[in-house]
Each structure stands twice: as structure tokens, then as C-alpha cells.
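So the sequence lines, in the order shown, correspond to chains A, B, C and D. Numbered according to this note's numbering, the first sequence spans residues 1 to 327. Numbered according to this note's numbering, the second sequence spans residues 1 to 259. Numbered according to this note's numbering, the third sequence spans residues 1 to 136. Numbered according to this note's numbering, the fourth sequence spans residues 1 to 661.
Worth flagging that the hints you see were computed from the coordinates, not collected in a lab. Model, not experiment: these values are computed from the prediction. Any given hint could be a false lead.
[As the list claims (entries may be wrong)] Straight-line distance between alpha carbons at most 20 Å, and here's what the computed PhoX-like set of lysine-lysine pairs gives:
no.	chain 1	residue 1	chain 2	residue 2
1	D	Lys616	A	Lys73
2	C	Lys11	B	Lys202
3	D	Lys509	A	Lys227
4	D	Lys613	A	Lys99
5	D	Lys509	A	Lys312
6	B	Lys20	C	Lys121
7	D	Lys509	A	Lys99
8	A	Lys69	D	Lys616
9	C	Lys110	B	Lys202
[Claimed, not checked] On the chain B side, residues computed to face chain C include the following (Cβ under 8 Å):
no.	residue
10	Thr10
11	Trp39
12	Asp200
13	Leu204
14	Leu230
[As the list claims (entries may be wrong)] Cβ pair distances, simulated, as ranges:
no.	chain 1	residue 1	chain 2	residue 2	range
15	C	Asp28	D	Lys83	53 to 63 Å
16	D	Thr318	A	Asp98	32 to 42 Å
17	C	Asp28	D	Ile659	42 to 52 Å
18	A	Met194	C	Asp28	47 to 57 Å
19	A	Thr310	D	Lys616	21 to 31 Å
We treat Cβ as the ideally placed atom computed from N, Cα and C, and that holds for glycine.
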Amino acid sequence: MEKIANKVRETARLALANGEVNKILGWKKGDFWYDSYPAFITEEEGTASLIWDSFCVANLSKYLIEQLKEDIKVGVFLKGCDARAFNQLLKDNRVDRDKVVIYGLPCPGMIDPEKVKKAGLAKGLLDVQKSEDEVVFITKEGEQKFSAREFAYDKCLTCQYPNPVVYDELLAEEVERNNTTEYFYQDVEEIEKMSPDERFAYWVEQFSKCIRCNACRNVCPACSCEKCIFDNSKANVAGKAKVDSEEQFFHIVRAYHVAGRCVDCGECSRVCPVGIPLAKLNRKIIKDITEFYGEHNAGVNPSLDAPLETFKLEDIDPFETRAKGGK
Amino acid sequence: MKFSYYPGCTLKTKAQELEKFALNSAAALGVELEEQKEWQCCGAVYPLAEDEIGTKLSSVRALAEAAQKNEKLITLCAACHHVIKRVNEDMKTKDDVKNKVNNYLQLAQDYQGEAEVIHYLEMLRDEIGFDKLAEKVTNPLTNRKIGAYYGCLLLRPAETMNFDDPENPSIIEEFIKALGATPVKYPYRTECCGGYLSLDNKELAQEMTDNIMKSALKNEVEELVTACPLCKYNLENKNGKIAISYFTELLAEALGVKE
Amino acid sequence: MGRMKIIPDAKKKELQQILEISGENVKDCMQCGKCTAGCPASSSMDILPHQVIRLLQLGQLDKVANSQTIWSCASCFTCTTRCPRNIDLAKLMEAVRLTIIRSKGSSRLKADDVPGKIDPKMPQQAIVSGFRKYNK
Amino acid sequence: MQRIGVFVCWCGTNIAGTVDIDQVKQAAEKIPGVVNVQDYQYMCSEVGQNLIKNAIKEQKLDRVVIASCSPRMHEATFRKAAKSAGLNPYLVEIANIREQCSWVHKNKEEATEKAIALVRAAVAKATLNTELVPGEIGVEPRALEIGGGIAGIQTALDIAEAGYKVDIIEKTPSIGGKMAQIDKTFPTLDCSACILTPKMVDASTHPNINLYTYSEVEAVQGYVGNFEVTIRQKARSVNADKCTGCGICTDKCPSKKAESEFDEGLRKRGAIYIPFPQAVPNVPVIDREECLKFKTGKCGLCERVCPSGAIEFNQEDTLVTQKYGAIVVATGYDLINLDKFGEYPYTEHPDVITSLEFERLTSAAGPTAGKFLRPSNGNKPKKVVFVQCVGSRDKSSRGKTYCSKICCMYTAKHAMLIKEKYPEIEVYVFYIDVRTPGKNFDEFQRRAVEEYGVNYIKGMVGKVFPEGDKLQVHGVDALSSETLIIDADMVVLAAATKAKDDAQELGRKLSISTDANNFFTEAHPKLRPVETHSAGIYLAGACQGPKDIPETVAQSSAAAAKAIGLLNKGKLVNNPCVSQVDEQICSGCLACTKMCPYEAISSQVIEVKEQGKIVKKTVAHVNEALCQGCGGCTVTCRAGALDLKGFMNRQILAEVDAICL
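Just need the whole structure built from these sequences, with the hints factored in.
Rendered as C-alpha cells:
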């Protein structure tokens with residue numbers, strides 16, 4: 001990864017030097033081993049601080065909306081899921097392709113710090129390095145090696161598109177797709193097995209945890225409205241009281257708003273501070289759409305229209321196809 | 001070119017000539033007809049009743065075997081062709097029939113109408129081509145004025161059989177032309193010969209064949225060809241003026257393989 | 001000609017059975033007569049093909065069942081191919097035959113009669129077909 | 001706080017019989033904002049309306065809720081009343097307590113409770129109602145006529161006479177259509193050309209009419225009052241301005257193998273040709289498929305012989321774009337192809353002809369100069385058989401399920417025309433039913449039987465066998481139940497009519513619908529027979545369904561009246577209940593444009609001030625003239641940037657809240 005990190009720095013430096021772009025969006029290292037956060041660089045020398053490691057999970061594409069309001073050209077580093085997000089933003093007319101130079105980074109999968117902490121390995125940890133299928137934890141005392149899968153984010157374990165689907169320049173060789181399609185809907189199938197009452201109880205419990213921090217919405221590449229309907233006082237859809245029905249309403253409406261547009265990046269679940277499995281809800285809808293209208297992977301091909309935004313006479317009627325009670 | 005071949009009972013008994021000349025000619029044309037191993041009678045008549053399943057089974061066996069080999073199924077006898085083609089259509093379009101037949105047969109794999117059944121004449125037209133056939137003729141039947149007798153079963157019902165224009169067909173005329181002879185069109189060539197009525201209502205069958213023969217004679221047909229053993233029987237029954245033969249006999253003669 | 005008492009809804013059950021066996025709806029017919037006009041066997045029919053449908057429309061199943069017509073039909077599908085109303089009359093004829101053949105002891109043709117009717121040249125096809133159409 | 005008046009109507013006992021009016025009144029009085037509540041037996045009557053008007057003035061009402069029948073019934077009435085009292089009509093709200101309450105319930109207590117809820121909801125919505133002002137759009141004072149047959153000519157003449165400009169687009173080189181091919185017309189047996197050709201000339205010389213012959217509709221944009229149509233003028237290869245119509249070129253053309261479309265293939269024509277002598281315009285056209293110059297590069301004889309230098313081989317198609325206020329579609333019909341009717345050997349035998357070919361064979365201007373002769377040998381026929389319903393009322397894949405409507409009458413006409421000229425010819429007509437409704441129609445057909453001795457046979461023909469030089473017709477007389485064989489010399493087939501093959505394509509360009517048989521669909525089969533569902537587009541003639549000439553002309557004048565009515569308005573008033581975009585909220589995703597069935601939403605780039613800077617942004621834009629107020633876009637917009645005036649999200653939610661309270 002360090003080899004690629006060098007290439008990231010060099011690419012960024014060159015792009016700024018020759019004026020190809022006015023700004024670079026990449027990642028920087030913070031104070032902690034797990035802290036790799038977005039960096040906005042406009043000066044050539046600043047590129048030395050750019051990194052590419054196992055914690056560059058943050059998706060940079062959504063920052064483009066704000067950045068592109070200025071009349072500048074921006075270079076951005078995108079992983080597989082980030083590239084799908086970029087395409088979705090493109091589909092929604094939120095970014096201008098001509099003003100963006102994309103440096104694609106095939107993604108080996110990111111490491112989940114929570115899993116590391118849970119395994120009791122966080123104490124005294126100085127650095128974490130990853131090579132192929134192994135992850136190495138470095139402390140003062142020495143090194144410990146583990147299988148990388150053990151510490152990967154759940155979303156990375158079922159990732160279908162580790163390689164960017166859109167880029168101007170690819171900075172590394174493509175990685176092989178995880179062969180995990182059989183587990184893809186595993187979590188969805190678990191909820192489908194529940195009775196309607198059980199399922200309702202499950203989601204009531206999950207949504208009751210919500211503190212309405214809006215992190216899910218802020219990170220979501222399909223949630224890119226200028227002004228969210230829930231922030232629009234004129235729209236009169238959101239109440240102020242902290243009652244369960246408000247949170248349920250918020251999450252279900254959000255799921256419908258991103259239906260057919262969700263790129264399945266799993267960021268909503270990752271950033272949720274109270275651990276609501278939001279990606280599971282979205283993936284359930286992806287599964288339903290696949291069954292009703294055929295496979296549609298949002299953000300893979302931006303020329304395709306989302307199935308729920310179009311109407312064809314041959315479309316099936318889900319209410320007719322599925323008996324009452326839902327699945 | 002290799003096909004699955006379904007002969008049918010009449011070809012092994014009263015209509016051996018139809019088959020013999022067909023096989024000889026196929027060999028001469030470089031076409032391999034592999035006879036199905038355990039074929040059974042097609043049922044002789046297509047079961048017109050929606051609720052008859054038993055009489056459709058043997059056709060499905062033949063079709064399923066061809067489908068399994070991934071070969072087209074070739075027929076020779078017009079009646080067998082009619083029955084098998086219509087049963088195949090049922091298997092394709094009627095879920096009720098399909099389910100019942102499959103339930104009954106318990107084949108290794110359910111049959112859903114995948115096989116394609118074609119008549120020998122269609123093979124000549126569509127797989128070989130009449131222009132190619134004409135090139136292979138060694139003994140052209142020049143100066144012979146031959147009428148085609150189509151009968152019913154190859155042509156009708158038109159949408160299912162999809163063989164030729166049911167009222168004004170031309171495939172046998174084109175075939176005759178390819179062999180170097182002169183086809184003569186006469187209006188009654190698609191009228192019914194009486195079919196199986198000759199078993200129980202000979203007078204009526206006779207009247208029907210008489211009309212056909214009169215029409216042929218009036219148009220100066222010198223000989224007639226047909227693809228159906230029952231047609232040939234009925235046409236020959238009270239006739240001495242015009243020779244009636246199977247189309248395969250003409251073919252064998254033109255290809256020089258008529259022994 | 002006797003005065004026929006027409007009760008269109010009589011024999012509903014039998015007519016329903018004919019509809020089930022044939023899959024054809026006699027009500028589709030508008031009596032244009034094209035079936036009769038082209039029927040090659042009409043000369044030996046006591047009731048003409050279009051009349052067969054008319055009688056079925058009127059519930060007069062017995063008249064049809066007792067006619068010579070259904071045994072004169074050679075199932076040549078000429079009527080079927082030409083019918084502007086898409087009725088398969090050949091199937092209707094067969095359905096009427098079957099209602100007779102399928103009831104016990106009402107065979108048109110006795111198995112014992114068959115040998116007397118065949119000659120050495122007659123193809124199997126004719127015997128099997130004839131037997132299937134006339135007897136079960 | 002609003003000052004709302006609530007008016008509860010009894011509708012005689014229609015409402016009062018099931019709903020307790022007093023209770024409704026009492027409940028209404030308690031709703032915040034309601035300052036005046038009244039009831040009356042018939043609120044829609046003059047007295048009732050005055051009640052409302054007076055209350056508006058005296059009580060200074062700024063909102064009015066009327067609890068009565070469906071808004072479809074009297075919303076317009078009450079809006080008008082409010083307007084006359086000085087209140088914006090869109091501040092009136094109707095609570096439907098009749099169709100949706102008293103008529104569908106029996107229990108008075110429950111019905112009253114529901115009526116109260118409905119009134120509460122209407123008040124909640126009315127509270128949020130705002131003044132709406134309909135916009136106006138101009139109307140281009142020009143009409144387009146698609147199709148130059150009798151329907152198109154009649155409509156164009158009527159519109160032109162009313163003082164408006166009309167353009168006729170005709171696909172073929174001449175106007176005239178099917179009627180020009182017809183010999184005589186029923187039920188009067190007068191000469192078709194004698195009544196049509198003067199109209200053709202009128203159309204071509206009328207100062208308000210402009211002809212685009214040999215032209216087609218390329219594209220249609222815009223909306224009622226403001227259509228923008230692109231017309232493709234196909235290359236005629238002859239300069240119409242220079243051509244004098246002398247006819248030397250058509251005489252000299254060495255290629256005479258093409259079949260004359262006008263004479264239904266019964267005569268040959270040159271590669272350069274005028275379709276028929278009375279053609280309008282009388283300018284030839286070069287058939288490039290047939291022309292030797294185009295096929296081989298050699299020849300060019302017409303160019304050399306033309307005295308006025310009008311031949312232009314290098315002419316190209318030209319596109320003209322023109323604005324129209326109204327469009328009338330009059331594209332006519334065709335006969336079905338008889339290839340699949342092998343039992344009537346039409347494709348095989350020259351003496352088996354269609355009814356339209358018969359017209360050419362009896363026409364004095366036709367290929368036989370009006371002598372009725374067998375195409376096969378030029379002899380006079382002795383027996384002629386007509387077969388009706390060939391492909392009509394036919395449920396099979398070969399035919400059409402409908403009755404072609406005109407065949408019974410023209411067949412009777414044909415039979416009489418033969419008998420008139422040659423009484424000795426035996427004429428047989430096979431029919432299934434004779435259908436002759438229409439003024440003097442049945443009398444006409446009966447004359448064929450009674451006076452002319454035409455043999456009508458109820459039954460069909462099974463097959464026609466060509467035997468020798470005869471056509472052996474096998475038919476049935478269903479009435480006597482006898483089969484019969486007629487040795488005929490000619491067989492005339494009344495082939496079914498069908499919609500034009502390209503009807504669907506044209507329908508798509510115009511956004512008008514076609515039915516299962518490809519005929520254009522009228523807006524209402526009884527009450528709006530010449531209008532389409534697209535405002536400003538009207539139908540005339542057989543493109544809407546089989547029709548004879550009298551009916552076609554009547555419908556054409558009706559379509560003209562509709563078009564004139566529209567053009568005469570000069571300005572159109574919009575429904576103000578259209579979608580609007582909140583540009584601040586709109587993110588420009590344009591999901592709404594895909595959803596809109598009227599193509600009323602497009603995108604536009606605007607400049608907005610954001611944190612002191614001017615930023616460009618893409619937003620949706622609603623064309624208020626095209627928007628029909630369906631609201632599809634408002635539910636598509638995730639951010640709620642689209643809202644329907646008069647039915648705003650917050651109005652609807654207020655109604656829901658009021659009902660759920």
C-alpha cells in the first residue's frame with residue numbers, strides 16, 4: 001500500500017504543478033492509528049502529507065458538490081464504492097464531470113477499528129499495516145499478524161465493486177472481486193425470515209436508538225438534496241418532538257428516497273454512532289428491486305435510469321405479485 | 001447435417017416405398033437421418049379434444065428424445081407430422097397439457113416444447129435449399145407434367161403447421177421444378193381426399209377423391225405426387241389414369257438412387 | 001318439417017361439456033356459412049356445418065348427435081382454417097362425437113366390423129384413425 | 001386570522017335526508033377562523049348564490065367553504081359567484097358531502113359525523129388557500145390539416161372561409177385521396193369526380209389555403225395554440241413554379257413499368273408522372289425507384305424535352321417549420337392486404353379484384369374508359385360475384401374484428417352500376433348481414449334487389465377455384481341451407497378497411513392515441529367525437545374509424561368548427577393549478593422531467609447568490625401552458641421542491657390532519 005501511497009502523493013503533486021487541477025481531495029493521517037481523514041490541498045508542497053492506508057474509508061466524492069460551486073477543477077481519489085457514489089451524484093446532476101479529474105484506487109478493503117478494539121489489540125498500537133491477506137499490528141513490544149478478513153468492515157466483506165467504475169487514471173492494478181455473492185443478502189434474509197410482528201418490533205427497537213444526528217444523511221451519496229425535506233419547515237413533514245414515530249418516519253422516508261439510487265456503500269451503518277443497521281434496510285430494498293425489475297446497481301452505469309423513477313407498461317405490480325403481509 | 005428421424009407405423013408396412021426412397025435420397029444428399037430407437041405410433045390422428053392426454057404421450061416421447069439430443073426431428077408421413085407438430089404446439093402453449101403430460105411421463109427432464117419438428121420437404125426447402133437440390137439432380141425429370149397433391153394435414157391448421165400458404169401452397173411445385181419436371185397447379189390440390197372416411201364411408205371418400213382427380217385431369221396433370229400414405233391410397237383407389245407416387249420416389253429418381 | 005321447440009338454455013350441462021372438450025365457444029359464430037361453403041364432405045351431410053353450430057347455439061345437442069354429419073366430417077380443417085370468427089369447427093365436431101363414443105355402449109363402429117371394412121392396401125393410418133374417431 | 005364562511009347545502013333531501021344539517025352547522029361554527037355559517041335548501045340556486053355573495057360582502061369573508069355536491073358538479077358555479085362578490089375564485093373550497101357522504105351512507109349519525117370531518121378538512125385546506133390568477137397564452141391564428149382527401153379538403157375550406165390560414169399536408173403528389181379514385185357515390189349515384197374536383201380546385205386557389213403535397217409531418221412540438229410543426233417536403237425532382245403541367249415529360253418517359261397507384265395497379269405509369277389528369281397541383285413527380293436517370297445515370301429525356309426547364313434531378317427533401325394554433329388529422333384509411341386470403345385467389349387471378357379496383361374499372365377515366373371488362377382477356381363478363389366481409393368482422397389474425405361499414409352500400413352501388421350498363425350480366429352478392437343505416441341507404445340497397453335484380457345470397461363463399469377461363473365459386477345459401485357453385489367470370493372482394501399503417505407513428509408525433517385497430521381515438525365516443533385527448537388536435541374522416549363520404553364531410557365540418565372556435569379565441573386561459581418549482585430547494589436532479597407525462601418540465605440554468613457569491617445552478621422549470629396539474633412531479637421530488645398550486649403539500653396535509661383529529 002505504501003507504494004501506491006507514493007503514487008498518490010506524486011500524482012497529486014504533478015496535477016497541481018502542471019495546473020491540471022486547482023485542488024486535490026485526498027486523505028491525511030490524524031493523531032491516532034485509525035484516523036485517516038479527508039484533506040483539501042491546493043499547494044504543491046501540501047501533497048506530501050497525503051496518505052493511502054487501510055483506514056481511508058471516508059468517501060470523498062460527496063465533498064465535490066460544495067467544492068465545485070467555485071469555478072475550479074478538482075482532482076479526487078476514489079475507491080470502488082466512492083466511484084459508484086460519484087456516478088450517482090453525476091446522475092443527480094450534482095457534480096459536473098468536466099470539472100473533476102478522478103484518480104481511481106482499486107480498494108483492498110478497509111480495516112474496521114471497532115473490530116480491532118473489540119479484539120483487545122488497540123492498546124499501545126502504533127501502526128497497522130496490511131499486505132495481501134494479512135494485517136500486521138505493530139506495538140512497542142513487537143508485531144502481531146492476523147488474517148485481514150477478520151478485521152475488515154462488514155461492508156467490505158460483501159463488496160461487489162472494489163475497483164472504481166469511473167476514473168480518468170487508475171493508480172494501481174485492479175484487485176480481484178470478493179467472491180461473496182452468496183452472503184450478499186444474508187442479513188436481509190434474516191429479517192425476511194421474521195414474522196411481520198417480529199420485524200416491526202425489530203425496527204422499532206433499532207430506530208428508537210436514533211438521536212437524529214443526521215450523520216447517515218450527511219454521508220450518503222444519494223442524499224444530496226440542496227435542502228432535505230426534513231429541514232424544510234414549510235414542508236411541514238418533520239416534528240420537533242423526540243418521539244419514536246418521528247425517527248421511524250425519518251428513516252423509512254429516507255430509505256424510500258434513496259431506493260434504486262443507493263450505491264450500497266454501507267457508509268450509513270458505519271457512521272451511525274448508535275449502531276442502527278441502516279444499510280440492511282437499504283439492501284432489502286435493493287433485493288426487492290432486483291426481484292421486481294431486474295438487477296439495478298445504482299452508480300455502476302450512470303446512463304441507466306433508476307427503476308423507481310421510470311414507468312414501463314411491462315412493469316410488474318408489486319402489490320399484485322406479492323400477497324398481503326409483505327415478506 | 002444430422003437429424004433425429006421419426007418414421008411412423010405406416011412407413012414400416014404399407015408405405016415402405018415412401019421411406020426407402022427418402023433414406024436413399026438423404027444419403028445421396030449427405031443428410032444423416034438417425035431413426036429414433038424406441039419410437040411408438042404417433043397416434044395416427046391428432047387428439048382434437050382438449051382433455052385427451054394419453055394419445056399425446058408418444059409424440060412427446062419422440063420430441064423429448066430429439067430435444068435431449070439437441071437435434072431437429074424429421075418426419076415423412078404427413079399424418080405423423082401433423083400429430084407431432086400439433087402436440088408440440090400444445091406443449092409450448094398449453095400449461096395444462098404440459099403439466100399433465102410431464103406428470104405422466106416422468107422424463108428425466110420435463111419437456112416444454114423445446115424441440116423443432118420439421119417435415120422432410122421442409123428440410124429440403126429450408127436446410128438444403130431447392131436451388132442446391134437442383135444442382136445435385138443427376139437425372140432431371142424433363143418434360144414430365146407433375147401435379148402436387150398436398151391434402152390437409154401438412155397445411156392445416158395454418159397457424160400451427162406453419163408449413164405453407166394453406167390455400168395456395170407452392171413448396172411441392174418448387175420441389176418438382178427443382179427436379180427438372182414441370183409442375184402443374186390445379187385448383188383442387190389442397191382439397192381433402194376423404195382421409196379415414198374410406199374405412200367407414202367409402203362412397204363419400206370416393207366422391208371427394210373424384211373431384212380432385214377430375215380437377216387434375218382437366219388441368220392436364222400426367223402424374224401426381226403426395227407425402228401421405230392415406231392420400232395415396234384414397235387417390236389410387238378408383239383411378240387408373242394418373243400414376244400416383246410419393247414425392248420421395250421422384251426425388252430418388254432424379255438423384256439417381258432409385259434402385 | 002316439425003316445429004322445433006327452441007330453448008337456447010336447455011342442455012346447458014351437455015353444452016358446457018362440449019365447450020370443455022373442444023375449447024370452442026359456439027356463441028362466437030355469426031352464421032356466415034363459410035364452413036359449409038368450403039366443406040368437401042357436405043354432400044353427405046344431413047345437417048350442414050354452419051347448422052351444426054346454430055343447433056348447438058340453440059341447445060339442440062340431440063339433433064346434432066343423431067346426425068350423419070358428425071360421422072361424415074373427415075377432420076380436414078378446411079373450415080377451421082377459413083372461419084372468420086376463429087372457431088375450430090373440427091374440434092366441435094370431435095367433441096360431439098366424443099360425447100357419444102365416451103358414453104358406454106354407444107359406439108358407432110364395432111370392433112368386429114372393422115376387418116370387413118379393410119382391404120390389403122389400406123394403410124394403418126386409416127384404420128387407427130377411423131377406429132379412434134368412431135370407437136373408444 | 002382568516003374570516004371563513006361555511007355554507008351547508010341540503011340539496012333538497014339528497015343531503016339533508018341523511019346528514020343532520022344543524023349538527024354540521026354547529027360543528028362548523030366551532031372551527032377556528034370560521035365566522036359565518038349558513039344553510040340553504042339549494043345553495044346552487046340563485047337565492048343560494050346570493051346568500052354567499054352577500055355574506056362575502058357583509059361579513060368580509062376571505063375564504064368560502066361550501067358543503068354540497070361534488071366539485072365536478074358546481075365548483076365552477078360557486079367560484080363564479082365568489083368572483084362576482086369580489087373574492088378570488090380559488091379561495092372557494094368545496095366539501096363533497098353528497099356523492100362522498102349522503103349518497104353512500106344510510107346511518108344518519110355516522111353520515112353526519114363524516115360530513116363534519118369533511119367540512120373540517122375543507123376549512124383546514126381553505127385556510128391555506130391562496131389567490132390564484134390564471135395566465136394567458138396566445139393562439140397562433142393558423143391551422144394545419146394533415147391529409148388531403150375529402151376530409152382534409154372540407155375542413156381546410158371551412159377554416160379558410162372563416163378567415164384563418166390553413167396548410168394542408170398531403171403525402172402523395174396530389175390532393176384528392178380515396179374519393180378521387182371512386183367512380184360514383186351512394187346513395188345518389190352521382191359522379192364522385194364531379195363533386196370532388198371543384199373542391200380540390202377551390203382548395204388550391206383559396207387565398208387562405210396553402211398546399212404541401214408530396215410532404216409529410218416530420219416532427220411536432222409545442223401545445224394547444226402554439227404547435228410547431230416541421231414538414232418534410234419530399235423531393236419532387238420537378239420545380240413546381242416553373243412547370244406548366246404540359247405533360248410532355250410524362251408522355252416521353254421511356255420507363256413505363258411502374259403500376260399506377262391511382263388506378264390500383266390496373267394501368268402502368270411512367271417514372272415521371274401525374275397521378276391522374278385532374279391532379280392538384282398539376283405538376284409531375286419523378287419516382288426515383290423507377291427512373292432510369294436515378295437508377296443508371298443515363299436517360300434524362302424529360303429534362304431535354306421540358307420546354308420550361310422544370311426538371312431538377314438534384315432536388316433534395318426540404319424541411320419547413322411552421323407555427324399552428326390547431327391541428328386537424330384527416331389521414332384516411334386503406335384496404336387490407338388480401339395476400340393471406342388464398343381461398344379467394346386475388347393474388348393468383350386477374351379477374352379477382354378488390355372493390356377499389358372495381359371503381360377504377362367502371363370509371364370513365366379509368367383504364368378501360370368505363371367499359372366493364374375482364375382484366376384477364378378484355379371480354380365482357382357474363383356472371384359477376386361480389387363477396388362482402390372479406391376480412392371484416394373477422395377475429396382471425398388475417399382480418400379485422402370490426403365492421404368496415406361502407407362495403408354493404410358500395411357493393412349495392414357496384415351491382416347497380418353493372419346492371420345499369422349491362423342488364424344481361426348476372427350479379428350475385430354474398431353477404432353475412434346487410435347493414436344499411438343512413439338516409440336513403442336501405443332504400444338504395446333494396447333497389448338493387450327489387451329493381452335491378454341483383455341476386456343477394458345470405459352466406460359466404462368458401463373458395464374460388466379457377467377452372468378453365470371461369471372462376472368456380474363455391475358458396476352457401478344459408479337461408480335455404482343449400483350449397484351452390486357459380487361459374488363466374490369475375491369476383492369482386494369487399495376487402496376490409498384498415499387504419500393507415502403509419503397511424504401509430506403519426507400518433508406518437510402528435511401525442512394522440514390510437515385504438516387496438518390503429519384508428520385514432522376520439523376524446524369521447526359520443527360527446528367529443530372530433531376532439532382528441534390532446535387539446536387543439538382534432539380528427540376528421542376515416543382515420544378515426546370506417547366512414548362513408550357524407551359522414552366524413554359532416555365530421556370534417558365539425559372538426560373545422562372546433563378548430564375555428566379555438567383560433568377565434570385569440571388567447572387561452574390557463575388552469576392556474578399547475579406545478580411550481582421552488583428554485584432555492586431544487587437540486588436539479590430532474591427526476592421530475594422523466595415522470596411528467598406532458599413533457600411540461602424542462603431544465604434551466606439560473607444564477608443564485610450563495611454566501612455572497614453568484615453561483616450557477618440547474619433547476620427544473622415548469623411550462624405552465626403544458627402542465628395539466630396531475631401532480632406526478634410533486635411526489636417524485638424528494639426535497640419537495642415541486643408543489644401544485646391549489647393543492648400544495650401543506651394544504652393536503654392540513655386536510656389529512658383535520659380528518660384525523
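Hints the structure violates: just list their numbers, smallest first. Failing hints, ascending: 2, 3, 7, 11.
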